[in-house]
Every structure is written in C-alpha cells, then in structure tokens.
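*Asks:* If you're matching them up, the sequences are chains A and B in order.
Under the UniProt record's numbering, the letters of the first sequence match residues 1 to 355, in that order.
Under the UniProt record's numbering, the letters of the second sequence match residues 1 to 284, in that order.
Keep in mind the hints are simulated off the structure, nothing from the lab.
Be aware that one or more of the hints could be misleading.
[Unchecked claim] Keeping only pairs whose Cα atoms sit at most 20 angstroms apart, straight-line, the calculated EDC-like set for lysine to aspartate or glutamate is:
#1 A:Lys143 to B:Glu124
#2 A:Lys143 to B:Glu123
#3 A:Lys242 to A:Glu342
#4 B:Lys119 to A:Glu148
#5 A:Lys143 to B:Asp74
#6 B:Lys6 to B:Glu124
#7 B:Lys119 to A:Glu139
#8 B:Lys119 to A:Glu147
#9 B:Lys120 to A:Glu148
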Amino acid sequence: MIANAILTACTAVALTITYSLYRRMFFKKKWDPRGKHCYVTGGSAGAGLAIAKLLVRKGAHVSIVARNQERLDTALKELETVRQSPDQTIKAYSYSIDNASGAAEALEAACQAHDGRCPDAQFFVAGTSRPGHFVEQSEESLKKGMEETYWCQAWSALAAVRRMVRDQAKGKIVFVSSVLGYMSIVGYSTYSPGKFATRGLAETLQSELMLYDIDVHIAFPGTIYSPGYEVENQTKPKVTLKIEESDGGAQPDAVAQGILKGVQNGDFHITYDFLLNVFRGSTRGSSPGNNFFMDSIYELIGRVSTDSSQVTILFIEVDDMFQIALPFWRMSVDNTVRAHSEEHRQYLRDKGLIA
Amino acid sequence: MFFKKKWDPRGKHCYVTGGSAGAGLAIAKLLVRKGAHVSIVARNQERLDTALKELETVRQSPDQTIKAYSYSIDNASGAAEALEAACQAHDGRCPDAQFFVAGTSRPGHFVEQSEESLKKGMEETYWCQAWSALAAVRRMVRDQAKGKIVFVSSVLGYMSIVGYSTYSPGKFATRGLAETLQSELMLYDIDVHIAFPGTIYSPGYEVENQTKPKVTLKIEESDGGAQPDAVAQGILKGNNFFMDSIYELIGRIALPFWRMSVDNTVRAHSEEHRQYLRDKGLIA
Numbered sequence: 001m002i003a004n005a006i007l008t009a010c011t012a013v014a015l016t017i018t019y020s021l022y023r024r025m026f027f028k029k030k031w032d033p034r035g036k037h038c039y040v041t042g043g044s045a046g047a048g049l050a051i052a053k054l055l056v057r058k059g060a061h062v063s064i065v066a067r068n069q070e071r072l073d074t075a076l077k078e079l080e081t082v083r084q085s086p087d088q089t090i091k092a093y094s095y096s097i098d099n100a101s102g103a104a105e106a107l108e109a110a111c112q113a114h115d116g117r118c119p120d121a122q123f124f125v126a127g128t129s130r131p132g133h134f135v136e137q138s139e140e141s142l143k144k145g146m147e148e149t150y151w152c153q154a155w156s157a158l159a160a161v162r163r164m165v166r167d168q169a170k171g172k173i174v175f176v177s178s179v180l181g182y183m184s185i186v187g188y189s190t191y192s193p194g195k196f197a198t199r200g201l202a203e204t205l206q207s208e209l210m211l212y213d214i215d216v217h218i219a220f221p222g223t224i225y226s227p228g229y230e231v232e233n234q235t236k237p238k239v240t241l242k243i244e245e246s247d248g249g250a251q252p253d254a255v256a257q258g259i260l261k262g263v264q265n266g267d268f269h270i271t272y273d274f275l276l277n278v279f280r281g282s283t284r285g286s287s288p289g290n291n292f293f294m295d296s297i298y299e300l301i302g303r304v305s306t307d308s309s310q311v312t313i314l315f316i317e318v319d320d321m322f323q324i325a326l327p328f329w330r331m332s333v334d335n336t337v338r339a340h341s342e343e344h345r346q347y348l349r350d351k352g353l354i355a
Numbered sequence: 001m002f003f004k005k006k007w008d009p010r011g012k013h014c015y016v017t018g019g020s021a022g023a024g025l026a027i028a029k030l031l032v033r034k035g036a037h038v039s040i041v042a043r044n045q046e047r048l049d050t051a052l053k054e055l056e057t058v059r060q061s062p063d064q065t066i067k068a069y070s071y072s073i074d075n076a077s078g079a080a081e082a083l084e085a086a087c088q089a090h091d092g093r094c095p096d097a098q099f100f101v102a103g104t105s106r107p108g109h110f111v112e113q114s115e116e117s118l119k120k121g122m123e124e125t126y127w128c129q130a131w132s133a134l135a136a137v138r139r140m141v142r143d144q145a146k147g148k149i150v151f152v153s154s155v156l157g158y159m160s161i162v163g164y165s166t167y168s169p170g171k172f173a174t175r176g177l178a179e180t181l182q183s184e185l186m187l188y189d190i191d192v193h194i195a196f197p198g199t200i201y202s203p204g205y206e207v208e209n210q211t212k213p214k215v216t217l218k219i220e221e222s223d224g225g226a227q228p229d230a231v232a233q234g235i236l237k238g239n240n241f242f243m244d245s246i247y248e249l250i251g252r253i254a255l256p257f258w259r260m261s262v263d264n265t266v267r268a269h270s271e272e273h274r275q276y277l278r279d280k281g282l283i284a
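Build the full structure now, drawing on both the sequences and the hints.
*Replies:* Structure representation (structure tokens):
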C-alpha cells in the first residue's frame with residue numbers, strides 16, 4: 001500500500017519535472033536584462049546591491065537609489081568591478097524615497113541619463129525590519145514599521161506607474177515582500193503588516209497594470225544575511241529567535257539570483273527555495289501560479305505541514321531528494337510560543353508593563 | 001464537530017467599533033439578541049443614538065448593559081480612550097470580546113492616486129483597526145485578562161483585482177497583523193479571529209460605488225453580496241474543518257479559471273481606459 005503510494009508519487013513527480021522542463025524550453029521566452037535599463041531602490045547595500053551587481057554582470061544599464069551618498073559611492077565602485085562593456089550606463093542617485101514626490105524625483109533623475117525614457121525594469125528593494133513585542137509598540141513605532149516595509153516601495157510604484165502610463169511605456173516592476181508576507185509569527189507586528197500590504201498592492205497591480213501591458217512581480221525572500229539582518233536582531237524578541245534558530249538564511253547574492261531568475265521566467269510570485277515554495281504554494285489562493293503541477297505539490301505539502309489538525313501523510317520532497325514527512329511546523333511554532341509565556345511575563349514585569 | 005466548545009456571548013461584554021452602521025451594527029444587534037452586554041463605538045453621535053435605539057429593540061433582559069460611545073479611533077490615544085470609556089461601565093474590566101469592524105472602501109484607478117489618497121486608504125482599512133488592537137492588547141496584558149479580538153478584513157485581503165490599490169493593501173495588512181497576533185497572543189491566552197467578508201450591502205457600499213472604476217464594476221457584475229445581518233451571523237459562527245478541505249479542493253481547480261476570466265476582462269478594457277486617461281489629461 002505504501003509502496004504503491006510512493007510509486008504513484010514518484011511517477012507524478014517525474015511527469016511534472018518532464019512537463020515543466022518541456023514548458024520552460026519551448027514556450028516561455030526568458031526576459032534578458034542585457035542592454036536594458038534597470039532601476040534599483042535600496043541599491044547601495046544588501047539584497048539591493050546584490051541585484052544591481054547581478055544585473056551589471058548580465059549586461060544591463062543600472063541605476064541605484066538610496067539615501068546615503070557615502071554608501072552609494074562605495075556601491076558604485078563595487079558595481080564597476082563587474083562592468084561587462086564600456087557602453088553600460090551605471091549610476092547612483094542619492095534621494096529619500098519615503099514620500100511620493102521624493103520617489104518621483106529619484107525616478108526622474110534616473111531617466112535623464114536615458115533621454116528621459118523610463119527604465120525597462122524597476123526593482124523596489126528598499127526596506128528595514130525592526131521586530132519586537134506588540135505589547136511594547138506605540139503609534140510611532142507601528143507607523144515607522146509601515147514606512148519601512150510598505151510606503152518605501154508604494155511611492156516608487158506610484159511614481160513608476162504614473163510615468164510609464166504617461167509615456168505609454170511598457171516594462172516591469174518588481175516588489176520585494178518577504179516570507180513574512182505569506183504568514184507571520186510572534187514578534188513581527190511592525191513588519192508583517194507592511195509586507196502583507198506590499199503583497200496586496202502587487203496583487204491589485206498585477207491585475208490593473210494589464211491595462212497598460214506593464215508586468216508585475218513580487219519576491220518573497222526568507223532571512224537574508226545582510227547589514228539589515230544585524231539591525232533586525234537588535235530588537236528581535238527572544239521567543240522569535242528561538243523559533244527561528246533552526247532556520248537557514250541566504251547570502252544576498254543567492255537571493256539576487258533567485259529573484260532575477262523568477263523575473264526572467266516571468267513568475268508573478270517569486271520564491272527561490274523549497275520552504276519558500278511551500279509557503280507560496282499553500283497561501284497563494286487565486287493569485288497566478290508559476291507551474292501548475294509543481295505548485296500543486298508544494299501546496300499539498302504545505303497543507304499538511306502548516307495545518308496542525310491534519311493527519312501525517314508521507315511525501316516526497318523533490319528538491320532535496322526524497323526526504324519523508326515534513327514536521328507539523330505550525331504546531332511546533334505554537335508550542336514554542338506557549339512554552340515561553342512564563343518567562344515573558346517576567347520580562348513584562350521587569351519592563352513595568354504589568355504588576 | 002466533536003471537540004470545539006462553542007463560545008457563548010450570553011452575559012459577556014462585547015465591544016464593537018464601527019458599531020453604528022452596516023456590518024458593525026448588525027454584529028452588535030446579533031450579540032444583544034444573544035444576551036451579551038454590548039458597547040458600540042463610532043464618531044457620529046447622531047448615528048450612535050439611532051443605532052442605540054435599534055439595539056434596544058432586541059434587548060433580551062433588563063440586566064444587559066447596552067451603551068454607545070462617540071470617539072474617533074483613528075489614532076492610538078483615541079482608541080485607548082474609547083476602550084477605557086467602555087470599561088468604566090464594567091468596573092474597569094476589559095471586554096470579553098472586541099470586534100474591530102470600522103473601515104471604509106474608496107476604490108479607484110492606481111494611476112489617479114496621490115500620496116494623500118493612498119495614505120487615507122491605509123487609515124480607513126488598517127489603522128482604524130490596528131489602534132484598537134493595540135489598545136486592547138496593552139490593556140488586557142496589563143490586567144492579565146483573557147478574551148478575544150476579532151479583525152474584519154475582506155475577500156480583498158485574500159486576493160485583489162484592478163481598482164483596489166487604496167483598499168487591498170490595508171486589508172492584507174490587517175491579515176498580516178492578525179497572523180502575527182494569532183501567534184504572539186498565545187503568550188497571554190488571548191484568541192485572535194479575522195473575518196473575510198465579500199460585498200456587504202451597507203451604507204459603505206454606496207460610498208464604495210461612487211469611485212469604483214468601470215472595469216471593476218464589470219468584473220463584479222455577476223457577484224452577489226450579502227446583507228449586514230447575514231454577514232454578522234457568518235462572522236459570529238466561524239468555520240468548520242471538514243468544509244475547509246472541500247473549499248480548498250474546489251478553489252485549486254476553479255480559481256485559475258476565474259483568474260483567467262478576470263484577466264481577460266481587464267485586458268479587453270485597455271482601449272476604453274486609454275480614452276478615459278486622455279479625457280482626464282493623464283496622457284496625450
């Protein structure tokens with residue numbers, strides 16, 4: 001009985017791999033950055049800089065935007081080290097894009113080096129994570145969280161769309177959300193809402209921008225080992241660190257490659273490793289999928305491992321070569337939180353939040 | 001079916017924001033009918049007075065405490081004051097359940113939005129519930145009180161289509177906050193719920209349709225909606241595990257077709273929309 005199930009699963013998997021290779025090879029034309037103007041916010045460090053570097057390596061013209069001139073200068077030097085041809089236009093712009101006019105001015109500046117033409121692709125990578133316990137938040141900190149996760153990308157999107165529609169230009173916009181835009185856990189009340197909001201905007205625009213032939217993509221990275229990660233861990237609650245202790249993370253270069261691959265393949269939701277795929281598969285609902293067969297498998301795996309009231313089913317994990325049975329991830333997370341209650345109560349007493 | 005003990009509103013203090021009209025009033029009425037003590041919160045005193053009269057018509061017992069409070073809950077301190085006022089009628093005790101139903105929908109084309117309109121959209125979908133949640137949690141943790149908080153998102157917090165760039169982000173954000181708190185509030189034994197209604201035939205629906213883009217109306221023309229009372233009943237009831245598996249299966253097969261149909265409607269509208277933009281001076 002088990003042998004039959006495994007055999008069936010293997011066959012399904014083999015058929016899926018064959019089908020997706022077939023589809024990839026004969027039907028989807030990959031988007032090529034070579035010779036295209038790519039605009040990257042948050043482009044002076046971390047994932048943004050890694051994406052910019054990768055694009056330069058692939059022959060694109062690249063404009064990076066950030067606030068700090070010094071960091072931009074350093075970043076520009078790094079981009080120059082991977083220049084492929086003297087024809088590439090590689091520039092850095094110091095602007096604060098935390099409001100609609102700043103974002104529009106930054107875009108305008110980048111267009112000027114290209115005869116006023118809109119970029120072919122815009123990557124909105126600006127963002128910061130400052131986790132903490134909800135009970136310790138204030139109006140100020142929650143608003144700041146939304147600024148640093150959502151508005152920092154929404155204003156750039158508004159500037160991009162208004163300009164592209166005015167110029168009747170085609171092109172791509174790429175949002176960067178987070179796995180915490182698919183689900184959330186303790187500690188992310190300053191972060192998850194904004195990452196979910198980014199997804200809400202991307203979902204709206206994926207539909208709406210069909211009116212103008214503008215493509216929308218949105219990437220959902222997990223932990224990225226970047227300068228932002230250091231900032232994040234300064235305020236992260238103890239119980240959150242505990243839940244995450246067995247998680248891996250990725251280097252910015254790997255994240256950049258994953259995101260660019262998704263853009264090149266024309267994927268709407270972009271995830272680049274097995275676990276992220278599972279979250280995408282189990283939560284994307286009616287959003288366009290990337291590959292029907294693979295997504296069905298990810299979704300099935302996700303439903304088993306994230307719904308703590310389900311019965312264990314044996315599964316075959318494609319990417320990691322035949323592991324059996326994903327854990328009740330959600331149940332485990334919930335238990336960790338509950339087990340932390342007592343220690344947390346002491347923490348609240350020490351902070352004077354309770355008697 | 002066999003293990004979940006149903007939560008009974010009878011004798012419990014329930015707090016409802018946006019409680020003077022639409023779904024909020026319907027939820028408040030249903031709770032009064034089920035024997036709860038109910039506090040409704042909204043801005044407009046006149047509408048609160050009318051709502052209170054309506055709640056009184058379904059009073060079950062003279063012991064029920066039914067009150068209305070006029071507060072603006074669009075910032076953290078306003079939300080905290082409103083909650084404080086409602087607690088005073090109950091010896092300073094926190095409500096047993098808080099329903100955050102305040103919210104407004106003002107759809108429109110993204111290309112016509114501004115910093116102001118997008119920020120307003122977030123205020124009217126997300127912040128109007130987040131401040132109440134913050135006030136609720138801070139107070140319940142301080143008092144070491146157990147209880148429930150109920151967010152109201154929208155089907156547009158599950159997915160989105162053309163026209164909702166002022167609305168969907170906030171409804172998704174509400175879901176993000178609920179997801180975080182569902183996990184985090186296990187530290188305090190506070191339950192979190194979040195409802196995802198579709199179209200509600202309420203005063204808010206009239207406001208919504210004033211600005212809704214033509215293509216959005218077209219996509220929605222075959223949609224049904226629900227009366228506020230039906231929505232209230234659905235929210236109070238919640239879901240069933242077995243049905244969920246069936247819904248998911250149906251969704252997996254049917255949703256891609258639905259999506260394709262929506263996408264085609266949008267693309268077919270491009271030409272007409274271009275004329276609309278010319279008329280508005282947004283393109284040449």
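*Asks:* Decide, hint by hint, whether the structure agrees.
*Replies:* Status of each hint after checking the structure:
For the given pair, A:Lys143 sits about 14 angstroms from B:Glu124 by alpha-carbon distance, which is consistent with the 20 angstroms threshold. The suggested pairing of A:Lys143 with B:Glu123 holds, with an alpha-carbon distance near 11 angstroms, which does not exceed 20 angstroms. Taking the CA atoms of A:Lys242 and A:Glu342, the gap is near 15 angstroms; set against the 20 angstroms cutoff, the hint holds. For a cut-off of 20 angstroms, the pair hint linking B:Lys119 to A:Glu148 stands: about 14 angstroms separates their Cα positions.
Taking the CA atoms of A:Lys143 and B:Asp74, the gap is about 12 angstroms. The hint holds against a cut of 20 angstroms. Between B:Lys6 and B:Glu124 the CA atoms are separated by roughly 32 angstroms; this puts the pair beyond 20 angstroms, and the hint is violated. Taken as a hint, the B:Lys119 and A:Glu139 pair is honoured in the structure, with Cα atoms around 15 angstroms apart against an allowance of 20 angstroms. This hinted pair checks out: B:Lys119 and A:Glu147 have alpha carbons roughly 11 angstroms apart, not beyond 20 angstroms.
Annotation: proposed proximity of B:Lys120 to A:Glu148 holds, straight-line Cα distance about 18 angstroms (limit 20 angstroms).
Of the numbered hints given earlier, the model fails hint 6 alone.
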